[in-house]
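K.L.:
Take the sequences, apply the hints, and build the full model.
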Amino acid sequence: MEFIIYLLLGACAGVFAGLFGIGGGMIIVPILVYSFALQGFNPDVLTHMAVGTSLATIVFTSANSVRTHHKLGAVHWPMVLWMTIGIVVGSVLGAWTASSLSGPVLQKIIGIFAICMAVQMAFDLKPKASMGEPSKPALSAAGGVIGWASAIFGIGGGSLTVPFLTWRSVPIRQAVATSAACGMPIALLGAISFIITGWAAEGLPELSLGYVYLPALVGIALTSVFFAGFGARLAHRLPQRLLKRLFALMLVTVGINFLL
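In terms of our numbering, the sequence shown is residues 9 to 268.
Hints listed in this document are in silico derivations from the structure and should not be mistaken for laboratory results.
Everything numeric in this text was worked out from a predicted model, so none of it was measured.
For each residue, glycine too, the CB sits at the ideal point set by N, CA and C.
Be a bit skeptical, because a hint or two may be false.
Here are the simulated lysine-lysine pairs, DSS-like style, with alpha carbons at most 27 Å apart [unchecked claim]:
| id | residue 1 | residue 2 |
| --- | --- | --- |
| 1 | K79 | K144 |
| 2 | K134 | K144 |
| 3 | K134 | K116 |
| 4 | K252 | K136 |
| 5 | K252 | K116 |
| 6 | K252 | K134 |
The following label-pair restraints were derived from C-beta to C-beta distances [to be verified]:
| id | residue 1 | residue 2 | range |
| --- | --- | --- | --- |
| 7 | W175 | R75 | 35 to 41 Å |
| 8 | L268 | L15 | 26 to 32 Å |
| 9 | G140 | L215 | 47 to 53 Å |
| 10 | L109 | I180 | 31 to 37 Å |
| 11 | W207 | T261 | 30 to 36 Å |
| 12 | V97 | R245 | 38 to 44 Å |
| 13 | W175 | P51 | 37 to 43 Å |
| 14 | E210 | W175 | 41 to 47 Å |
| 15 | D52 | W175 | 37 to 43 Å |
| 16 | L250 | P51 | 23 to 29 Å |
| 17 | G48 | L268 | 18 to 24 Å |
P.N.:
Written as structure tokens, this is what we have:
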């Protein structure tokens, strides 16, 4: 029964990622928190496990997206390279920051972020291109901040990278593709860092690799890749504004629940 839940969660994450162009982390982390709590996992580590497991799944789910964007020639690889320099440092620091926080505090931080993302999605708030393309140092600095925040929230960073690149006058198609490519090192380094920081943690359930819970990783990875394409096809048939507002309502509910 537990594994079926993870398969369904992967399917939902894939559909929403395809529908809205967001990483599945904003869906995976809250549901894993609730799922781990229902299974009686230690409250001190279950939120860290949800974040670490989410990052690990994004390693697999982002691979297909990056391959597709690369074939279309939309990825700005020099930008990816310079952002990755900062991402390496930021992701490790983010995982260390998260591991140093208590489970309840980490939940509250994720709850605030979920509400912010809900407001952005409900009102379609997007930065306007107001500055030229970023320099190499600026890309590395941005990569550091985005990697740090993404590792704390358990996301691939698309909700942060795309607005930054759009603000710096990168065309939206290229910004989305480049963001997808940046999500791979964020997720990989974040997941490895959560494995290391959680290696000796007390109260971990069986089949855990540090703060990564292997049954959830396998179940989510198996279905999310396939359902992302289904979500992308649905995006062309369903009313996007209504869907985004419904999803935003769900994020607000999750955020308030985490805060309380």
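K.L.:
All the hints need checking, so say for each whether the structure fits it.
P.N.:
Consistency of the hints with the structure:
Between K79 and K144 the alpha-carbon distance is near 25 Å, which keeps this suggested pair within the 27 Å criterion. About 24 Å separates the Cα atoms of K134 and K144, which keeps this hinted pair within 27 Å; it holds. This hinted pair checks out: K134 and K116 have alpha carbons roughly 25 Å apart, not beyond 27 Å. Restraint check for K252 and K136: satisfied, since their Cα atoms lie roughly 20 Å apart, inside the 27 Å limit.
Straight-line distance between C-alpha atoms of K252 and K116 comes to about 23 Å, which keeps the hinted pair within the 27 Å bound. For the hint pairing K252 with K134, the CA-to-CA distance comes to about 14 Å; that is within 27 Å, so the pair holds. Our hint of 35 to 41 Å for W175 and R75 is violated, since their Cβ atoms are close to 27 Å apart. At about 30 Å, the beta-carbon gap between L268 and L15 stays in the expected band of 26 to 32 Å.
The given range of 47 to 53 Å is respected by G140 and L215, whose C-beta atoms sit roughly 49 Å from each other. Restraint check, L109 to I180: a C-beta distance of roughly 34 Å satisfies the suggested window 31 to 37 Å. Restraint check, W207 to T261: a C-beta distance of roughly 34 Å satisfies the suggested window 30 to 36 Å. Remark: the range hint 38 to 44 Å for V97 to R245 is upheld by a beta-carbon distance near 42 Å.
In this structure the hint that W175 and P51 lie 37 to 43 Å apart at CB holds, the actual value being about 39 Å. The hinted range of 41 to 47 Å is satisfied by E210 and W175, whose Cβ atoms lie roughly 43 Å apart. Separated by about 38 Å at the C-beta atoms, D52 and W175 satisfy the suggested range of 37 to 43 Å. Taking 23 to 29 Å as the suggested C-beta distance range, the pair L250 and P51 does not conform, at roughly 36 Å.
With their beta carbons about 21 Å apart, G48 and L268 fall inside the hinted range of 18 to 24 Å.
Violated hints, listed in ascending order, are 7, 16; each of the other numbered hints is respected by the structure.
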